[in-house]
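In order, the protein sequences belong to chains Z and X.
The first sequence stops at residue 326 when you use my numbering, and every number in between is there.
The second sequence stops at residue 307 when you use my numbering, and every number in between is there.
Quick caveat, the hints were computed from the structure, so don't treat them as lab data.
It is possible that part of the hints are untrue.
As the list claims (entries may be wrong) - List of simulated lysine-lysine pairs, DSS-like, C-alpha gap at most 30 Å:
1. Z:K243 <-> Z:K25
2. X:K169 <-> Z:K114
3. X:K169 <-> Z:K25
4. X:K200 <-> Z:K114
As the list claims (entries may be wrong) - Computed far set for chain Z versus chain X, every beta-carbon distance over 10 Å:
5. I17
6. F66
7. S107
8. I108
9. A146
10. V251
11. I269
12. K283
13. V289
Note that the structure is a prediction, hence the values are computed from the model and not measured.
Note that the Cβ used here is the ideal one computed from N, Cα and C, for glycine as well.
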Amino acid sequence: MKIGDMIAPRKAFGDALVELGRINPGVVVLDADVGTSTQSILFREAFPERFFQCGIAEQNMFGMAAGMATLGLTPFASTFACFVARRAADQISISIAYPKLGVKINGSYGGIPTGKAGATHQAFEDMAFMRAIPNMTVIAPSDAVETRKAVFAAAAHPGPVYLRTARCDVPVIFGPDYEFEIGRSRILREGDDVAIIANDLMTPKALDAGRILEREGVSARVIHMPTIKPIDEAAIVGAAQTIGRIITVENHSVIGGLGGAVAEVLAEKSPARLVRLGVRDHFGESGDYEALFTKYGMNVDSIVAAAMEIAR
Amino acid sequence: MSAEAQTCPALDAKELDRLRGLCRQARIDLLRSIANAGAGHTGGAMSLVEIVTALYFRVMRVDPARPDWPERDRFILSKGHSSPGLYAALAARGYFPKERLSEFDVAGGMLQGHPDMLKTPGIDMSTGSLGQGLSVGIGMALAGRLKGLNVRVFVLAGDGEMQEGQVWEAAMYAGFHKVSRLVLIVDCNSIQLTGRTDETLSLAPLAGKLEAFGWRCVECDGHDLADLVPALERAVAVEDGPVCVIARTEKGHGVSFIANRVEWHAKAPTPEQLAQAIAELEGAK
Chain Z
15 MKIGDMIAPR KAFGDALVEL GRINPGVVVL DADVGTSTQS ILFREAFPER
65 FFQCGIAEQN MFGMAAGMAT LGLTPFASTF ACFVARRAAD QISISIAYPK
115 LGVKINGSYG GIPTGKAGAT HQAFEDMAFM RAIPNMTVIA PSDAVETRKA
165 VFAAAAHPGP VYLRTARCDV PVIFGPDYEF EIGRSRILRE GDDVAIIAND
215 LMTPKALDAG RILEREGVSA RVIHMPTIKP IDEAAIVGAA QTIGRIITVE
265 NHSVIGGLGG AVAEVLAEKS PARLVRLGVR DHFGESGDYE ALFTKYGMNV
315 DSIVAAAMEI AR
Chain X
23 MSAEAQTCPA LDAKELDRLR GLCRQARIDL LRSIANAGAG HTGGAMSLVE
73 IVTALYFRVM RVDPARPDWP ERDRFILSKG HSSPGLYAAL AARGYFPKER
123 LSEFDVAGGM LQGHPDMLKT PGIDMSTGSL GQGLSVGIGM ALAGRLKGLN
173 VRVFVLAGDG EMQEGQVWEA AMYAGFHKVS RLVLIVDCNS IQLTGRTDET
223 LSLAPLAGKL EAFGWRCVEC DGHDLADLVP ALERAVAVED GPVCVIARTE
273 KGHGVSFIAN RVEWHAKAPT PEQLAQAIAE LEGAK
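Just chain X, with the same shape it has in the complex:
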């Protein structure tokens, strides 16, 4: 057993405090990187902060010093436009220095608008065109099984992204073949580029659809780490099929004037808005 499959501290009040602090800082860091670039998908990056923090600081067996470790768990950010949230978590976890977050969306920089596995340590798959991550995750899980590696795969999709047809091809395959060690997390922030998901092309009932495709589904609060962490841990322990964790989230969560607003899907904060957002986040300590 590798040193990286370490025992985590109990998920007690102290640990939850630590994780919440990491999330608060990740929101500040991602907002800074987006503001610095003058571009980026702010809303979706903020809705997934607890999810990637739970994965990289609790659930996943990874080693930032060895990002190519063959037996590591894999993570695919299928909703690649939310990369600033992932980059903030990877930097905090030690994959690269936090100063490099300023390279986000900067020409010649290491951090592309959408994750690039050839440019950024810790990125397991390049993504950006929506709907493609789950198929890749299935391939990883099957390859791990074939090679005798205990690889577990986590795929994070957006709720709007679930409108892509390829997702359902992949869901059908994973359900029919009972592909295990595969967890699909849906960041259900209820908003897509042009409007609310329920008014654009409703996915309801999302769990019912996936269950009909042979998946188990669990719903949880995607911002409540006491709810989210156990849901993810239980999901990946299921050995006889794929599991979907439907994480109820809020787009732009954590900052009052960004939260739950369609217009913040792909808007960067001005310097004044950044200062105001940071003040809010720091005030929430």
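This is chain Z alone, in the form it adopts within the complex:
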């Protein structure tokens, strides 16, 4: 894959699981009857004896994964992000995070793009919920390159990890030498009028906005922040102190996710002007996802407008 290719992160997730499974015999994959969608099914084809089809029973799936982790296996338990956060919240908190078990949780179809399934299948609060659980690491990678690296990083991490993967095609923005590290952000574009902090599939939109803003005479720093817990406080404080005007852009509710996490750091460490772009505390709906990004004020034009406003 090369920069600019359109690849769905979920596909990168499935491919990475297979690659990981080849080198690590302790990796097992659990599915709740959505593997053909999340792409964890690729692992079943490669390693059927290490793939556990749990049926439409997410609570049991996460409990089984916890039990497997107690014997030293590295389970990847995968379903849609909406079911991770809403349905299995208690199991993830008590059976996985509280005993610090090394279960890797994949929340696929995060945010708006779900195949037009609508509100019931659009997780806008999964990052907020997972971030609030002690011991949990929370990652929303952007492109296929980063998703692959995040799968390997999650497996190497001793504790529980929540890894969100997008359904739709996302432009590849990282080259093959990109190094992913849990908790570390990246400045993808330098600028000093406004800082745009993004993750998930919003980072390519933030980069597009940065290019448009440059033509408009506004210099935007684009910070990609794939890990929202632990969050890269230094990068946020640095942007606050050198620029003082920050926009967060997330495929999620503005409550409790990237915007919430950045707001907390700013409020405590270095107050700065902040605008949060994201879903503004409402349920989703069916429809073309780009149309919904526009409707909810989350498209490239919205980022540009917010940046022009705050940079003025």
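Got chain Z sorted already, so can you dock chain X onto it with the hints?
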């Protein structure tokens, strides 16, 4: 074969006497720890005393000196609120000194209100939110099989706990996939927090439900060690599917004024009640 897979003495009158003595002492110890804390789930802790004693002193292959031994049998107290009964058994078995039972429910102590595998030696899984233990037990049994370890898993649930939906997701999985070396023990003490289980949300017919899910079920007297021990040993020897041991018990068993009373679900004895209970238990020798 490890030294811990030892041959137990025959389950004769002498051995039964020994086990009964351990149970009597466990009830005294758990009541003391609850009274010391001024909090704890007395009734359910007392109903499972024979079950955990049978497991830790007869049935399970464990080594208290090596609580992390990879091939040990696993135990999950899915009804985690009954922890004082488990702690008393673990202390008696030598996982930690009995004096440490006084740390139960004490801030900074080793013994949490609900079992914490990161704080207490011998606890194989943290529990407390009801309904979660069986799923974890299935994961352990499957992981043991995948890793080629002869791990056998025992999950102890309450009868009220069987009202949780997750239990039935797990039961469906274990039955359909014939997960063996997995024993679910249901401590059927017939009482839950607000009332009698049959009046709250009846599970009847519990065996029939589980059998429909692909399980074998055996019923036994959960306080009669001569009945309970062989039932557990036979259950874990079944190689082609999961087995449920439905243990008929009495909540608060062993002390006249605690036994079979709804109000003792989560009440701690006063110092006077503790003294009276200990006198009763010691008098029963």
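Now for the hints, and whether the structure bears them out:
Restraint check for K243 of chain Z and K25 of chain Z: the C-alpha separation of about 24 Å stays at or below 30 Å, so the hint holds. Pair hint K169 of chain X plus K114 of chain Z holds up; C-alpha atoms about 21 Å apart against a cutoff of 30 Å. A hinted pair counts as satisfied when its Cα atoms are at most 30 Å apart, and K169 of chain X with K25 of chain Z qualifies at roughly 29 Å. With a CA separation close to 29 Å, the supplied pair K200 of chain X and K114 of chain Z stays within the 30 Å bound.
Every C-beta of chain X lies more than 10 Å from that of I17 of chain Z, the closest at about 39 Å, which supports listing it as non-interface. Separation of F66 of chain Z from chain X is inadequate, the least Cβ-Cβ distance of about 7 Å not exceeding the 10 Å criterion. Against the 10 Å criterion, S107 of chain Z falls within the reach of chain X, whose nearest CB is about 8 Å from its own CB. In this structure I108 of chain Z is not separated from chain X by more than 10 Å, as the shortest Cβ-Cβ distance comes to only about 4 Å.
No beta-carbon of chain X is positioned within 10 Å of the beta-carbon of A146 of chain Z; the least distance is around 16 Å. Its beta-carbon lying about 33 Å from the closest one in chain X, V251 of chain Z satisfies the requirement of being farther than 10 Å from that chain. A cut-off of 10 Å between C-beta atoms confirms that I269 of chain Z is not in contact with chain X; the least separation is 25 Å. Even its closest Cβ contact with chain X, about 31 Å, leaves K283 of chain Z beyond 10 Å, as expected for a residue assigned away from the interface.
Every CB of chain X lies more than 10 Å from the CB of V289 of chain Z, the least distance being 39 Å, so the non-interface label holds.
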